[in-house]
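Using the hints, put the two standalone chains together into the complex.
Here are the chains, one letter per residue:
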Amino acid sequence: MTTSAVRQFLAMAAAWVVAALLPFPVGAAPFAYITNQKDDSVTVIDTASGTVQATLRVGKEPAGVAVSGNGRRVVVTNAGGKGITVIDGARQQVLTHLDLGEGLVGVAVDAEGRLAYVAEWYDNSVSVIDLETLSVLRRLPVGHVPAGMVLSRDGSCLYVANRDDDTITALDPNTGRLLAEVRVGKHPFGIALAPDETLLFSANVESNDVSIVDLKTFQVLANVPVGERPYAVAYVAPYRRLFVTNQYDNTVSVVDVDRAKAVAEVPVGEYPEGIALHPDGIHLYVANWFDNSVSVINGLSLKVERTIEAGNGSRAFGAFIAGS
Amino acid sequence: MKKILAVALVFLAAWTTSVFAHGPTRQKVTESIEIDASPAVVWGIIKDFDKADWMPQVASSTGTGGNEKGATRELRLKSGGVIKEELKAYDAEKMSYQSKITETDPKELPVANYSAHITVSPAGSGSRVEWNGAFYRYFMNNNPPPDQNDEAAVKAVTRFYQEALANLKALAEKK
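Quick note, the sequences are listed as chains U and C, same order.
Oh and the first sequence: position 200 is 200 in the numbering used here, straight run, nothing missing.
Oh and the second sequence: position 175 is 175 in the numbering used here, straight run, nothing missing.
Think of the hints as simulated: they come from the structure by calculation, not from any bench.
If you're wondering where the values come from, they're calculated on a predicted model, not measured in any experiment.
A virtual CB, placed ideally from N, CA and C, is assigned to each residue, including glycine.
So the derived list for chain C, only partly shown, Cβ under 8 Å to chain U, looks like this:
1. 25
2. 28
3. 88
4. 100
5. 115
6. 132
7. 134
Quick list of in silico lysine to any residue cross-link-like pairs, SDA-like style, CA-CA up to 25 Å:
8. 100/C to 167/C
9. 84/C to 119/C
10. 100/C to 154/C
11. 69/C to 207/U
12. 216/U to 177/U
13. 155/C to 270/U
14. 69/C to 82/C
15. 38/U to 142/C
16. 94/C to 308/U
17. 38/U to 31/C
18. 69/C to 266/U
19. 28/C to 52/U
20. 28/C to 228/U
21. 303/U to 89/C
22. 60/U to 94/U
To list a few chain C residues with every Cβ distance to chain U over 10 Å, as calculated:
23. 60
24. 66
25. 124
26. 170
Isolated chain C, as found in the complex (with noise of 0.2 Å):
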């Protein structure tokens, strides 16, 4: 029984600890923040699609088409990048926003294929803002350079919704 219980042992042990280099998969990322402020007034911050600059990452953003599924806008970077998004969704009565990357800065995200959705509720007397994002690391092969793997990819998205988000309770509270 020793033997039978020492074999069982060395294949689990085998399945459980190997680490596996592996190919891409889809990762998520959500961040939430609370703002002491209404709704209304944090929708107001976010709620125009070419206007990005309410991302402390962003020094000037551009768009074309509005607030209009399929609408464009350009966020040139402060670290000197540029991003371009699509917008896919508008729904400005549940104060929500859906868009995607069509081309990424690497250096800031490296992400691929990645898509978002933003939205703001009432929570208490003030706002919640969530913020959701399905993306693949930038790297799509198998072995990527570490700053393209998966985990800098949750890293990046997760750091630059994180400082949005709070540069965005800062202006909504400020008002």
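Same shape as in the complex, but just chain U (with noise of 0.2 Å):
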């Protein structure tokens, strides 16, 4: 090794170690986190500013994306390589990247950070990956083409949307026991489930409508149409509404879920895929895929409040705003 490049490491790990010393976090959270599919990266947008804080370089065609609940990890599925990418949530770098699977799409991740679950796309499987050891701890059978995914607020229980089977199950993350399972409309993407944990909602892509499943008696209570090929669900709990990306009709759909009906429809950017609810819990992030931005929309006043430059092919299919 030459003297030069000895200093260049040196002075590497001096950055590293300053950085690790660093008293706070970069920024001020509650951060979204955007893959974009067609830049290989992740965008972090710092909502407090609704500025761009960060550009992450991950793998190849990002997808799925999944914050834990206390903001400390982030984990991003690469749909077009082969495995996730592992995002250090406090200071914004990419921590690691793991092998697993082909066309990786849904991921969740617990409150923690300590679990993240994947959808093995091509093998009706979960992957369990422990975050800290980064080893897979289990692989629970699910349905085909699992797609979204969504864990109880405690990790006892997930539940996927089994795309190729119109189905929603829900099992037990630890033994990979099936607690239920319940028929929706055509080809289950997204999924979200209401805070108290009554209720869960599915985006039926090729029913052009949305399931709102009673998880007392795990039943589906209505399917209410939407826009065209609906791909993502975020709910408002405390106006029971559900709002829904339309990705062939740019828009979101508002639907009152008591009346079991579509109330408003909000134009959005070209082709808008994942949805998240911010925090504050009134505005809705939606990242438009074709026109490479994020739009921000009020939940109260249904007005696009804000546009976001992303990447391109801004995506964020998951649970990609939380941290406080």
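This is the structure we're talking about:
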């Protein structure tokens, strides 16, 4: 090793040490992590200022993303590659990459950022990953083409949309035991859970509707027609309203859950995909895949308050905002 | 330290150089052209959804439903195939419409779940036309044949748009 290489390495090491000793994480949480499928990157948005805080290189064609409830860990699935990228949510740095199956999309992370659940698109299973040791703890059998997933707050129940079975299954992620299963609309993709965990919602891409599932009985209460090719859902509990991205309509449908009816449509960018509710309980962030942007909708006024530029093919499928 | 660096480099190399065969992911193509003719003239050529013969690949086209949402058109291609489309949205004021392919000709456009937008806007003393397409490759399983993979789909759509826009420019500037 040459002297200059040694010097360079030491400088790098020193920078790491300084970064590790910084008293506060950079920027102000919560952050939105937008996967940019055509840029192999993640745009980190500081939601307080609405500005881009960082752009991180990840794996090939990132699609899914999940932030732990405490904001500490972010897991990105690389749909065009093979595996996941793990991001340190406090410092906005890529920690590592882990090889798993091909074509990964759906992902969920527990509240503390200890475990990740990755849907194995071609394997009809969910891999449970220990984010400290980066090892696969177990594989849970699920239905055909697992897509969106959501974890109960206490981590005891994992809900999985089995796209090609038109079902949602609930399973115990510790044992893989099937707890319940329900048939929903055609090709369920994104799913969301009410905070009190009494209702579950799925966006059904091929039947152009959303299913409202009662979790006490595990039965569908209603299939509500929305726009064309609904992709993902976010639920605003105080108003009992569901927000649904319609890929082909460039809109977000607003569904009144009690009336089981779409009551408004909010025009957003082209090809809207991922949608997530900000922890403030009011603003919804929508990734517009064709426009490479994020629309911020005020959930009360139903107006787009802000449009933030992201990378090419902004997709953000999953719980992409968290941390307080 | 040399060892650590060497190990790190091996990992880095393994990560960055592995090019995987992979399943289909959604592709996008955007093509645009500047035309030395007014937006009204350019829009006049493309505005009727069922009259798609401004595309040089199209031998003849027929449709139902005019320019209403849900209207359909059938493009008979010079190459012999047929492409069927449905009108998704139409905005005469913004000079824009959106369509999707309901049945493709995989030889001409090897795509699946294809949707597209075309928009005419003013640019300087003339106009600009932008055409956006979002689609998957035709072969939706793993390990596609070369003429049905992601690259083939992007190449075919890009060429189709470029040829059609070039022809639109020629038609509009002749007027």
